[in-house]
Amino acid sequence: SQGIIERDETPMEKEIARLHRVDFEFSDIFYFCRKGFEAIVEDEVTQRFSSEELVSWNLLTRTNVNFHYISLRLTVVWVIGVIVRYCFLLPLRFTLAAIGITSMIVGTTAVGQLPNSSVKNYLSEVVHLTCSRILVRALSGTIRYHNKENKPQKGGICVANHTSPIDAIILTNDGCYAMVGQVHGGLMGVIQRATVKACPHVWFERSEMKDRHLVTKRLREHVADKSKLPILIFPEGTCINNTSVMMFKKGSFEIGGTIYPVAIKYDPQFGDAFWNSSKYNIVSYLLRIMTSWAIVCNVWYMPPMVREEGEDAVQFANRVRSAIARQGGLTELPWDGGLKRAKVKDTFKEEQQKNYSKMLVRNGSIG
Amino acid sequence: CAQGSSHPPPSPLSFSLTVTSEQIEHLHRRFKQLSRDQLTIRKENFDSIPDLEFNPIRGKIVHAFFDKRNLRQESDGLADEINFEDFLTIMSYFRPIEMNMDEEQLDRFRKEKLKFLFHMYDSDHDGKITLQEYRNVVEELLSGNPHLEKESARSIADGAMMEAASICVGQMGPDQVYEGITFEDFLKMWQGIDIETKMHVRFLNMETIAHCY
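From first to last, the protein sequence lines stand for chains A and L. Residues 1 to 367 (our numbering) are what the first sequence spells out, left to right. Residues 368 to 580 (our numbering) are what the second sequence spells out, left to right.
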């Protein structure tokens, strides 16, 4: 997406060399000064953690920052929209969601009573698919799946970009996956405990999540068993606003096995699916989703990828990330999704400064 | 439902800042984002910009925003916090040259930008860039490289300072001490060199760009 200021893409070396009459000059400060100002006026990274703004209004005040009164007619239309969404759509959707969640819990518990057999697996798939479909209807989801021939196979790892908690439902609407995640309390915990009886999802205790080797080991065991469903992982680690793909955590790419990349792109015109977890909690997020017009998205299944010879996990992760970004029409940023909450690592800072001083030493008259 | 801002962007400002009202609106939005919807920004608010983190002179840039000399205030020293008008004042040092400027305007323009830069170097606000102040800047620029010793940074600074002295004062006798670069000397150093195009931030055409708020 476009920025608001013009950025000069000349590399640092060229630009500073242009100003040089001797080796080090007062002028070197210009380059960094300007870069600093550009960063203050517009920051590529922080932009991605807030929702994308629409060019034309879709009658949802939440997506229009500069909301102000335009005309009586528009306000009337908007009020009608509010009534339709809150008084008609919302109760309908809420009921559907309740039915979906209840059936999921009851269904998977029932199937879980059966002894392990192919019948059980079949029934588990039926239950998961049906309940997923009910839940997608509950959000008025309209999903187009592309390239279904590339759908993730058993024993593989499905990797997708992350925009919201409903990403998982979008994907399970079309196939069965083994979910990976942390154990939660409350309603989510109940669902987790019920579903794991029917299907081997991988739920980790909070303490286990901290131990990376344990996590990798468990996932490796799951993937090694070719009869088990493909696991679903979101390597960004946090929700991004669906205009870009941020750095993938390399852990998922160290497990081995075949990676099936999937790109998910939401159409923001009908409703904003991005979960800004620092601004809204999950309940108000779900409320916003259920009072939008619809959730419209495109899902592209991409051909499987494996780690090549001589490629390490990080390079492999970047390769998969580029493929997903290209397919979904998203930009790629080398930044870590963790920047939503934390600060830039010192290693990044040092890189830039090292480059500059290396340049000086090369050009410079130091002994 | 989200409403518009509780404090609307100010109308075009009194001093000569020829940016469009759209650009002011964008800057205002950015200001609100940085200040987290408060009316003023403090130094800590600049910590939330990842792109700025690896700029070696980050400290000096942030400092420049709060420097009262740059804010065209009568008193000296540092402000604790700045409002949107101050923010725009600092931004105005980076506006690009316009086609219809005459000689006098261009000259004033150039002087302003150079003054801004001068203040960056002159950290103790005494109107002179001393050798020590210059060394500080060089060290900051080179601070990220652990392989570069302090001595090397010093000799770079000393070399550049001597060069500057020769431009400003000409040949010095062995007993002469060069006190520091005054603003007039600083201007002399930059004569004939085009700095205006190096020190500007140009806004893109604003029509119907979808962006993130």
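No lab work stands behind these hints: they were computed from the structure. For clarity, every value in this text was computed on a predicted model and none was experimentally measured. Some hints here could point you the wrong way.
Simulated crosslink set (DSS-like; lysine-lysine; CA at most 25 Å straight-line) [said to hold, decoys possible]:
{"id": "1", "chain 1": "L", "residue 1": "Lys555", "chain 2": "L", "residue 2": "Lys482"}
{"id": "2", "chain 1": "A", "residue 1": "Lys265", "chain 2": "A", "residue 2": "Lys217"}
{"id": "3", "chain 1": "L", "residue 1": "Lys410", "chain 2": "A", "residue 2": "Lys279"}
{"id": "4", "chain 1": "A", "residue 1": "Lys279", "chain 2": "L", "residue 2": "Lys555"}
{"id": "5", "chain 1": "A", "residue 1": "Lys154", "chain 2": "A", "residue 2": "Lys217"}
{"id": "6", "chain 1": "A", "residue 1": "Lys151", "chain 2": "A", "residue 2": "Lys226"}
Partial chain A-side listing against chain L, Cβ under 10 Å, derived [claimed, not checked]:
{"id": "7", "residue": "Phe32"}
{"id": "8", "residue": "Cys33"}
{"id": "9", "residue": "Arg34"}
{"id": "10", "residue": "Glu125"}
{"id": "11", "residue": "Asp211"}
{"id": "12", "residue": "Tyr285"}
{"id": "13", "residue": "Leu286"}
Non-contacting residues of chain A with respect to chain L, defined by C-beta distances greater than 12 Å in every case (computed) [stated by the list, open to error]:
{"id": "14", "residue": "Ile29"}
{"id": "15", "residue": "Leu123"}
{"id": "16", "residue": "Gly251"}
{"id": "17", "residue": "Pro303"}
{"id": "18", "residue": "Glu311"}
C-beta: ideal position from N, C-alpha, C; glycine also.
Right, here's what the structure says about each hint:
Straight-line distance between C-alpha atoms of Lys555(L) and Lys482(L) comes to about 12 Å, which keeps the hinted pair within the 25 Å bound. Distance check on the hinted pair: Lys265(A) and Lys217(A) sit about 31 Å apart at the alpha-carbon level, beyond 25 Å; violated. This hinted pair checks out: Lys410(L) and Lys279(A) have alpha carbons roughly 23 Å apart, not beyond 25 Å. The hinted pair formed by Lys279(A) and Lys555(L) fails the criterion: a straight-line CA distance of about 52 Å is larger than 25 Å.
At roughly 18 Å between alpha-carbon atoms, Lys154(A) and Lys217(A) fall within 25 Å of each other, so this suggested pair holds. For the suggested pair Lys151(A) and Lys226(A), the alpha carbons sit about 16 Å apart, so the restraint of at most 25 Å is met. Using the Cβ-Cβ criterion of 10 Å, the hint placing Phe32(A) at the interface with chain L is satisfied: the shortest such distance is roughly 5 Å. Because the smallest distance between the Cβ of Cys33(A) and any Cβ of chain L comes to about 6 Å, under 10 Å, the interface hint for this residue holds.
Given hint, Arg34(A) at the interface with chain L, holds; its Cβ is 6 Å from that chain's nearest Cβ, closer than 10 Å. With its C-beta approaching chain L no nearer than about 39 Å, Glu125(A) sits outside the 10 Å limit, and its interface hint is violated. Because the smallest distance between the Cβ of Asp211(A) and any Cβ of chain L comes to about 29 Å, over 10 Å, the interface hint for this residue is violated. At about 14 Å, the closest approach between the beta carbon of Tyr285(A) and any beta carbon in chain L exceeds 10 Å, and the interface hint on this residue is violated.
At its closest, the beta carbon of Leu286(A) sits 16 Å from a beta carbon of chain L; the interface hint therefore is violated under the 10 Å criterion. Its closest Cβ contact with chain L, about 6 Å, brings Ile29(A) to no more than 12 Å, contrary to its assignment away from the interface. In this structure Leu123(A) is separated from chain L by more than 12 Å, as the shortest Cβ-Cβ distance comes to about 44 Å. Every Cβ of chain L is farther than 12 Å from the Cβ of Gly251(A); the closest lies at roughly 22 Å, confirming the non-interface assignment.
Chain L leaves Pro303(A) outside its interface by the beta-carbon criterion, the shortest separation being 31 Å against a cut-off of 12 Å. Distance check on Glu311(A): its Cβ is at least 27 Å (rounded) from any Cβ of chain L, clearing the 12 Å threshold; non-interface status holds.
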